[in-house]
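A.B. asks: Chains as they are written, first to last, in this note's numbering: chain A, 1 to 202; chain B, 1001 to 1298.
Treat the hints with caution; some may be incorrect.
Said to hold, decoys possible - Quick list of simulated restraints, FRET-style, between CB atoms: (1) A181/A with I1047/B: 37 to 43 Å; (2) K1100/B with E76/A: 30 to 36 Å; (3) I1047/B with N98/A: 50 to 56 Å.
The hints are simulated quantities; they were obtained by calculation from the structure and are not laboratory data.
Each residue gets a CB set at the ideal place from its N, CA and C atoms; glycine is no exception.
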Amino acid sequence: MKLFDVLLGRTKPAQPNLDHLFGLPGAQITLEASLGLRPTGAAGVCFKPAAGQQFAQTTSEVEQLLDLGEGVKVHEESDSYGYRWIVVEDNDFGDLINEVHVVNTTLEDHGWGPQLLCSVFAFSPIAGGASDPAGAAGGAKVAGTYLVYLYKRGTFYPFVPLPSAEKRDSERERLLNVTLATDLAIEPDLERWFPLWGLPVH
Amino acid sequence: MLTTIFLLGLLYALFVTVLFLVGLKLVFILVIAFVLLFVQYFYSDRIALYSMGGKIVTREQAPQLHGVVDRLCAMADMPKPQVAIANVDMPNAFATGRDKKHAVLCVTTGILRRLDEPELEAVLAHELSHVAHRDVAVMTIASFLGILAGLLTRVLLYAGLFGGFGGGGNRGRGGGGNAGGQLAIIELGMLLFSAVIYAISFMLIRTLSRYRELAADRSGAILIGQPRLLAQALVKVSGEMSRIPTRDLRAAEHFNAFFFAPAFAKGVSLSSLFSTHPSLERRLQQLTELEAQMGRTA
């Protein structure tokens, strides 16, 4: 931060960085090959709704835009932290990435970039997949495997919640971290791997 | 909220003044002053936490609070500060620490009990803005400079007047008793003058503090995207709920315009010069303007 900004008590709202989303197709192949994980076809864009009519218009605009596409399902959800989720479902992973990108750029173009929190992509083990090194038991234990994209950082982190209340499988997350290190920019600061309990993406 | 830092600064100013009055060598006082500045700068997080009785809480102990802070930090792209809770019923929150990496965010159980979740989030966003703006570092250094200015004025004045008095003595005017009386008057004058210098710097620092509170309000409100929530939280915390009817603040806008006018017509009052925080009216006004602005542009 510049000295002048420090003296005046100014910070610029952090702007999102969307470029790294397109590293996901590579990560998908790696996940399937080495861990037996496949995208569930669902992704979520999480943001903080801002005050004003304009924002309501923007979100409905996004939904209209995506509803036009074929095989795309979109719905909106709120979570207990007061954030809103635009959940996109599309069985083609490449299309899904594009759609998530559209949601983000539409919000960004309307000046709501600073309100974006993260995007989440859901993965699940291939049914009966023997290639899962954690074994069938390990695969059944987790409630889902997620890749979280932090806009402001341009980095990803894995999130593996356990079905029991608010616990996460840190070991599995570290394994994913190592596996994906070459495909994606993984967030180096572990403090920022915050849990997203009860996220509406499955 | 920087009140704690101010009390520390005041204590520190008194301490240095006492040292000077006791008659310690200037170099000595400067060394002690710098050591204190160093301690204050590097241990402000622990001092403030200790003075409020705050305890660092882990994610398991306060999952909800941690979750809110996590998300705000991710949106603002800043490292997450440590989170602490003080078991005090007074509704308050403060952020401390010299930079983003050594910050502690502390809330009292009183504020947790009184505010609902979105309001608490607004208060946390305000406190995180203090961290992002590095307010503790700026205010610590500013108050130190104020004390230094007071001290230097005193020293220079002392040296100048003492030289002047010596010159007068050489000309042989006045007896010994007269000189003693003069010395006492000069001493008194110097004391008054340095008190004035300190008072001015004190007021300037308070002005700076009020400015930075408004800056943190603004950044915090922009971060959560809803200035109204921060305004609500401020009204609740100030215990001035009765002043504004139970209506939404946006609905009360025209009422506010009427309400704020007499406050400004009065001009600058003494209490507004000495307070570390801007008046509630001033803060609410800024937030109301911001809310209106967000509705217009996008």
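A.B. asks: Next step is simple, just say for each hint if it's right about the structure.
C.D. replies: Comparing the hints with the structure gives:
{"no.": "1", "hint": "A181/A with I1047/B: 37 to 43 Å", "result": "41 Å, holds"}
{"no.": "2", "hint": "K1100/B with E76/A: 30 to 36 Å", "result": "33 Å, holds"}
{"no.": "3", "hint": "I1047/B with N98/A: 50 to 56 Å", "result": "52 Å, holds"}
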